[in-house]
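Take these sequences, add in the hints, and give me the full structure.
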Amino acid sequence: MDQHEHHSRLFKVGGAQVSRFEDMRLITGNGKYSSDWNAPGQLHACFLRSDRAHARIVSINFDKVGQIKGVVGVYTGADAQAAGYLRPPSFLPPTGKGGMKARVPERPCLAIGKVRFVGDPVAMVIAETHLAALDACDLIDVVYEDLPAVVDPEEALKPGAPQLHDDVPGNCPVEAESGVEAPVMEAIAKAAHVTKITVDCTRVTASPMEPRAALIEYTADTDSYVVHTPSQGVNMTRKQFATYANLGEDKFRVEIQDVGGGFGQRSTVYPEYVSMMMAAKALQRPIKWVSTRTESFLTDTHGRANLITATLALDKNAQFTGLRIDWITDQGAYLSPTGPAGHIRNATSCMNGVYNIPALYGHFKVVLTNTGWVAAYRGAGRPDIAYAIERVVDAAALELNMDPADLRRRNYLALSDYPYKSATGSTIEIADLPGLSAKALALADWSGFEARKAASARKGKLRGIGMSAVIEPTGAGSYPRDEIDISVDGEGQVTVHTVAHSQGQGHETSFAMVVAEALGIATERVKIRQGDADRAPHMVGNHTGGSRSMVGAGTVCHIAANKLIDAGKSLAAEDLGVEPSQVSYGKGEFTSAHSKKKITLAQLAAKKTLAAKGEGTFISTFPNGCHIAEVEIDPETGITEIASYLSVDDCGHVVSHTIVEGQMHGAVVQGLGQVFGEHIVYDKESGQMLTGTFMDYIMPRAGKLKSIQMEEYTTLSKLGPLGIKGMGGSGCTASLPALVNAVVNALGVRHLDMPLTPSKVWKTIQQTNVKH
Amino acid sequence: MAKVELKINGKQHSFDVEDRTLLVNLIRDHAQLTGTHVGCDTSQCGACTIHMNGMAVKSCTVLAGQANGADITTIEGMAKDGKLHPVQQAFTECHALQCGFCTPGMIMAVSGFLKDNPKPTDDEIYHGLEGNLCRCTGYINIVKAVKQAAKAMSK
Ligand code: FES
Ligand code: FES
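Sequences listed follow chains A and B, in order. One gets the working numbering by counting positions in the first sequence from 1 and adding 2 to each. One gets the working numbering by counting positions in the second sequence from 1 and adding 60 to each.
Keep in mind the hints are simulated off the structure, nothing from the lab. Ideal Cβ positions, reconstructed from N, Cα and C, are used throughout, including at glycine. Do not take every clue at face value.
To be verified - Derived DSS-like pairs: lysine-lysine, alpha-carbon spacing no greater than 27 Å straight-line:
#1 K708/A - K204/B
#2 K708/A - K175/B
#3 K140/B - K211/B
Unchecked claim - Among chain B residues calculated to face chain A with C-beta under 10 Å, some are:
#4 M138
#5 Y199
#6 V206
This is how it looks when you write it as structure tokens:
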């Protein structure tokens with residue numbers, strides 16, 4: 003099917019083109035994001051943050067704060083200590099390599115005794131207006147005693163490095179391993195060729211366009227809190243609040259509507275939010291806080307920050323015989339809930355990539371540094387492992403003077419190898435890389451590259467081509483199951499409740515399409531309610547993250563709709579004067595051939611309660627793909643242009659091509675952002691962040707990637723009735739290696755670490771004297 | 061304190077605000093029109109774009125006092141009589157929004173520059189979008205929407 007035909011199928015319902023249901027409010031200014039919530043009598047919070055990377059707090063003097071009219075309170079670490087808000091949740095498994103006990107440091111919601119990175123919150127001021135709170139922060143005097151800081155993860159692991167936490171010796175919360183070491187070392191020893199490469203999967207930040215914000219209200223009669231804050235799922239947010247504050251989940255009611263982007267960054271309950279709980283309770287007034295963008299850069303969870311060494315063993319036929327991964331994961335000054343656990347788990351799950359590699363071993367060192375904390379970011383370890391594998395494969399091809407496409411082809415797992423049990427213990431369901439990549443190579447005219455390179459050379463440009471063949475796990479969640487509640491009202495309107503929460507993914511449309519299809523009714527008749535504050539506490543289900551919502555909640559929408567039909571048949575049987583088994587359903591009507599009677603969904607629901615609960619439990623499924631990029635570099639300026647970008651993806655059954663394409667565009671460009679510009683940089687001496695605004699942190703802009711030729715190559719997942727594999731992250735996983743491989747190819751070098759800025763590329767051209 | 065009298069979406073308003081109040085805060089907090097967003101502190105993201113006297117401006121970069129006497133249009137004032145502005149229409153039809161946070165600013169910026177340049181080339185569109193950041197869409201569908209809107213408006 004070509005591109006055009008895809009587009010003609012977008013959101014077509016009964017032949018008519020419809021927009022996403024969420025769009026109308028969002029394009030008219032009627033969205034409601036976290037900073038749009040207000041409550042009568044609200045007060046405003048402002049945080050005084052550490053301006054240094056590592057220091058002892060000698061004293062905090064806020065005598066002068068009283069000069070500012072409207073200030074009603076100042077809170078510090080002493081209050082955090084008294085409240086016991088000391089430990090955010092951590093999903094890190096309790097033991098690591100050789101039974102090593104994981105050491106998860108405290109993170110009080112306001113610093114106690116010490117600050118550990120620039121941005122660490124030291125005090126919170128509460129005032130009648132935002133500006134008064136801001137002014138008051140300026141008048142707080144903190145006396146610090148500076149300590150040596152370390153921002154480089156390798157330095158932090160060295161003996162004698164500054165120690166961040168007394169209870170985390172060596173700045174290493176845990177070492178972990180996956181697979182078995184001995185067979186890999188044997189494969190390396192016996193190999194005809196070994197390729198070893200170290201890649202820096204750089205520290206970046208998610209930068210959703212909506213800055214963090216919160217409004218926290220305290221209800222005295224029930225001693226509980228109402229929370230409005232960006233979230234990827236209200237139940238996960240409730241759970242994290244409950245853990246951080248040592249309270250029951252029933253003490254938190256999370257009310258949210260629109261979320262302005264997530265990408266993993268909303269999967270954390272932040273210290274600011276629990277600090278605000280203290281004030282909301284003490285002052286019995288709602289507290290509001292909106293982060294500035296600079297605060298976002300400093301204190302939002304960062305992503306990636308992994309230094310990975312891949313050692314690949316090949317035999318004389320260029321077959322892969324073993325792969326060793328040594329991985330240093332920089333987690334910043336504290337452990338976020340998702341950070342280290344996600345990186346280790348996801349990397350382990352697909353450590354063989356799309357290849358048949360009989361021996362695998364991964365060794366992970368989790369490290370603390372005087373920098374911002376790190377969590378899941380669009381892929382959470384999946385892009386990082388794919389980047390390491392796809393770089394080492396390209397480096398091996400270069401060393402062996404082979405076509406990288408050919409080296410991959412020799413090593414792909416075949417369709418018949420699946421389900422494949424990897425040497426790190428994961429069972430990879432289904433993929434067909436030989437077929438999928440053949441399609442990609444043909445469409446990209448891989449074999450015709452030399453002619454295009456020559457044409458570029460005639461214009462004085464350096465052209466390069468790069469491919470990536472990637473796979474990643476999605477689907478498995480952290481809750482035991484996903485539930486969907488579905489009901490019909492007397493007007494025939496179907497309401498569907500989920501606890502998965504869109505941050506732009508468009509659940510209100512795609513989930514409605516699934517339900518409408520199952521019920522044979524118009525999509526407009528289906529209303530999706532996400533994270534309803536009254537109902538969510540009584541539902542089980544995962545948040546939206548890890549590319550899993552359509553696999554889990556989306557599939558359960560189908561299951562729930564079918565349960566609704568079954569329930570309806572029983573109820574309709576009486577009306578139709580037959581047995582339930584004699585009732586059929588189609589297009590919104592229950593009919594009986596026996597009694598020649600019929601009753602519609604609306605009529606039935608007008609008489610009786612017509613509702614059902616669907617549920618499903620999902621293990622991992624594996625979207626995969628092959629992306630091919632061509633770049634053209636101007637050697638005079640070092641500027642790289644994307645000459646073409648092709649993707650062939652297998653994300654199983656696709657519900658909405660429009661949404662899948664949109665997710666793919668966004669994910670590929672997020673990868674591109676990391677490749678060409680985005681980078682969180684700290685000064686090694688002072689520990690100050692050098693990239694704290696959009697002037698220094700280079701986000702991708704319109705025109706950098708002009709188009710993607712997007713194709714599908716589908717194998718269906720058997721884990722659910724719809725064959726969905728999930729997507730959202732996969733574009734990023736594939737674009738990092740495809741783009742870096744293309745630039746490295748153009749420059750004729752073995753490796754270059756991201757970001758591939760014009761100055762870095764230009765310098766490389768000068769140093770290597772590449773001919774063009 | 062400053063007294064600011066201005067017209068927003070055709071309605072006359074008068075507010076007493078602190079001198080240092082930014083126009084975007086007047087719009088969001090005083091006029092309670094929260095469709096205009098704040099995405100940065102350095103005039104980079106464009107989420108706050110509005111029309112002031114017919115020109116697209118970043119309202120985080122204008123003091124409320126400077127808008128005294130001005131005629132302001134925000135995203136809430138773009139649809140007329142229940143009919144979407146062609147740029148709004150194009151954004152939804154081209155799936156040019158995901159989370160929607162950048163979208164009001166995008167729509168205001170795009171409708172502003174299409175006024176000056178009704179038939180932009182691709183490069184002119186990229187240039188026109190330079191001051192607006194979107195984290196979700198990769199811009200590909202936004203560029204498509206700009207072209208579609210330009211076409212619709214030239215009819
Ligand atoms: S908020 Fe005005 S440009 Fe970012
Ligand atoms: S749609 Fe989310 S930032 Fe543009």
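Could you tell me which of the hints above the structure violates, numbers in ascending order?
-> Structure breaks no hint.
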